[in-house]
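Chemist: Below, each chain spelled out in residue letters.
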Amino acid sequence: MARTSTFYVYTVQQSLTGRRKDAVPHALGRRLSAYNSIMSDTAPSSSFKASIALIAFVALSVGLITAVLRTADAPAIQGLLWPDPPQISAFSLASDKGRISDDTLKGRWTLLFFGFTHCPDVCPSTLATLKQVAARLAENKTFADHGQVLFVSVDPARDTSTALAEYVHYFDPHFLAATGTEAELNALTGPLGVIHARVPTGDGEYSIDHTASIFLVDPQLRVLGKFGLPHDAATISAGFSAISDFGRAHP
Amino acid sequence: MTRLTALLLLCCGQALACEGVSFDNVWIREPPPGNGPVAAYLTVKNAGTEMAVLKDWQGEAFAHVMLHATKRVDDRVQMLNQPELAVPAGASVVLAPGGMHLMLMKANAPVVAGKHYGLSVSCNGASTPFDATVRREEAPTP
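Going down the list, the protein sequences come from chains W and P.
-15 is the number of the first residue of the first sequence in this note's numbering; add one for each residue after it.
423 is the number of the first residue of the second sequence in this note's numbering; add one for each residue after it.
Think of the hints as simulated: they come from the structure by calculation, not from any bench.
Among these hints, one or two may not hold up.
Estimated spans, in silico, between C-beta atoms of each pair [said to hold, decoys possible]:
#1 W:H130 - P:N530: 39 to 49 Å
#2 W:P67 - P:L502: 34 to 44 Å
#3 P:G520 - W:Q62: 30 to 40 Å
#4 P:V516 - W:Q204: 42 to 52 Å
#5 W:P175 - P:Q480: 36 to 46 Å
#6 P:P505 - W:G82: 43 to 53 Å
#7 P:Q504 - W:R182: 44 to 54 Å
#8 W:H234 - P:W449: 44 to 54 Å
#9 P:A518 - W:H130: 21 to 31 Å
Built from N, CA and C at the ideal position, the CB exists for glycine as well.
Please work from the sequences and hints to get the whole structure.
Modeler: Written as structure tokens, this is what we have:
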């Protein structure tokens, strides 16, 4: 094994520098020269060169095959984030039921959505869609046993925990809702790449431009799914089933 | 007499200015609890021969009303205030969920399904009333 890696380094060294092995001035080169003289008393034989070529070829092939397998590993599931899904890090937000944190998400499959209650169009539509998603997934064991829906308000100035709870429970009494200070929110939104920014509406009030995707977080806090606009209950419930199956098969 | 003529001219001039413009499928989405803005949707149809310029939306039970357009930028949404809405002759503009909508701000009482509200808009300078009914909207079933 050590021999193989030495040969590999040697090959790279030579091709990078364009120098012959005996012309390499530094320690590695000297070591390689010594190694070479142990292996063969004479000048590099053709079989020696063939070995290097073969090893390089095998190394390259293994790399290529691994890359191909890795790509093939990500099937065409709509909304699946794979490979290298983002990971939720530690966060803690306020809700009417106490703190909601990364612990609340552990061991559960969470549909996560960001919005605010002073959002009369997109947010109610999305929550109504999530209500339908929950109804469609009633027969899905993963969702029925371990599923949850979490609405996070990015407008802590106007959305209290109590008001938030009333807002989401209008759609479904099982839905969770939370918010927090800017710093607390950023601990959750940062890793997800969720953007939220206040924009004045010209009447002394403001709206909040925000990422409107629905995220699917697995029990190990991997963000395995992302559903963009327009939100559609059939697509999201089918996506939940396929992605949760995939996630369980790829722990 | 002169005053009456002036009034008549004013009245009929305004009526003509917005002739052929109708407001259909007007409805207000029953909001979840809270005092946030409420969305209203409608279709503005201009069957007239002139461009209809709509502005200054109002609602009898609301502090003020704005027209917003929803703009998608990647997976983000932005609300853009629309001070004026121009509807060309022969055209229709649909205000619907996920797109343009009226923002009814600060209702004087809870807005619940079944209630009726009077709204109005200045159409080419003529205040034009129309009615809206509140309904509880479920997401469309695909």
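Chemist: Taking the earlier hints as the rules, which of them does this structure contradict?
Modeler: 3, 7 and 9
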